[in-house]
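Under numbering that gives the first Met the number 0, think of the first position of the sequence shown as 0, with each following residue one higher.
Simulated from the structure, these hints should not be mistaken for laboratory data.
Hints may contain errors.
[What the hints assert, rightly or not] 25 Å max Cα-Cα, derived SDA-like pairs, lysine to any residue:
1) 175 x 138
2) 175 x 185
3) 170 x 151
4) 194 x 168
5) 56 x 167
6) 138 x 63
7) 151 x 184
8) 257 x 242
9) 170 x 181
10) 194 x 215
11) 157 x 104
12) 139 x 86
13) 151 x 166
14) 170 x 197
15) 194 x 60
16) 175 x 189
17) 255 x 28
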Amino acid sequence: MALAYDPLFISSSAMDVASPPPMILTQDELKRIAAYKAVEFVESGMVLGLGTGSTAKHAVDRIGELLRQGKLENIVGIPTSKKTQEQALSLGIPLSDLDAHPVIDLSIDGADEVDPYLNLVKGRGGSLLREKMIEGASKKFVVIVDESKMVKHIGGSKLALPVEIVPFCWKFTAEKLRNLLEGYGCEANLRLGEKEKPFVTDNGNYIVDMYLEEDMGDLGVVSDSILRLPGVVEHGMFLDMASTVIIAGEHGVKIKNKHTST
């Protein structure tokens with residue numbers, strides 16, 4: 000039913016006849032709305048970065064659907080995770096990598112947090128390194144979220160800021176991270192997977208989840224400090240990378256661009 004996925008298009012005639020109560024959309028439906036809007040940026044012949052996670056999955060599904068319908072042609076996808084690779088292959092999306100396509104036309108992905116300056120937290124799904132490599136190589140990076148992901152400052156959701164680290168002496172690295180960010184009320188916990196064993200990324204690394212109580216202030220300084228720690232591979236702050244953020248909420252879709260908003 001189309002209305003469930005496009006709150007911007009509710010015909011007045013339908014409302015006059017039935018006068019239905021306001022539709023309350025689920026979080027997944029809001030994600031689908033944002034994802035479908037993002038895919039409107041896709042054109043035939045593009046090299047696309049294909050994101051990872053529940054929101055990005057809707058976008059990849061939609062791209063596969065448009066390819067099957069012949070509405071898109073000659074698309075090349077570069078997946079940000081093994082999971083997205085499997086999904087894209089099942090949909091018949093041709094795939095490649097950064098070695099063959101070092102410049103990507105457009106990447107579409109979700110985010111765990113978006114601040115007022117379009118800085119992001121990503122990686123709660125565990126794919127932050129590949130996401131940052133691919134989305135950093137993109138001419139345009141479109142982020143798709145529901146309105147619950149909007150925060151006043153990075154860390155504002157009180158959920159995890161992921162840091163990917165090498166497994167070697169991970170406790171040592173986690174303690175260095177904790178000490179570095181202790182001024183922001185930081186907890187640093189190793190992410191666990193199945194059977195309470197350490198979660199392992201597609202790159203064979205571990206993730207330490209940082210939980211922050213305070214605004215970190217200058218994110219560039221914090222980013223550099225984290226990356227200078229031996230044992231750290233990458234962190235989940237995506238600073239000044241998003242070109243456009245599409246936000247689906249109960250009142251419709253908002254589009255925020257890097258320097259302007261609509």
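| field | Unsatisfied constraints (hint numbers, rising) | value | Checked against the structure, the hints that fail are numbers 1, 3, 5, 10, 11, 13, 15, while the rest are satisfied.
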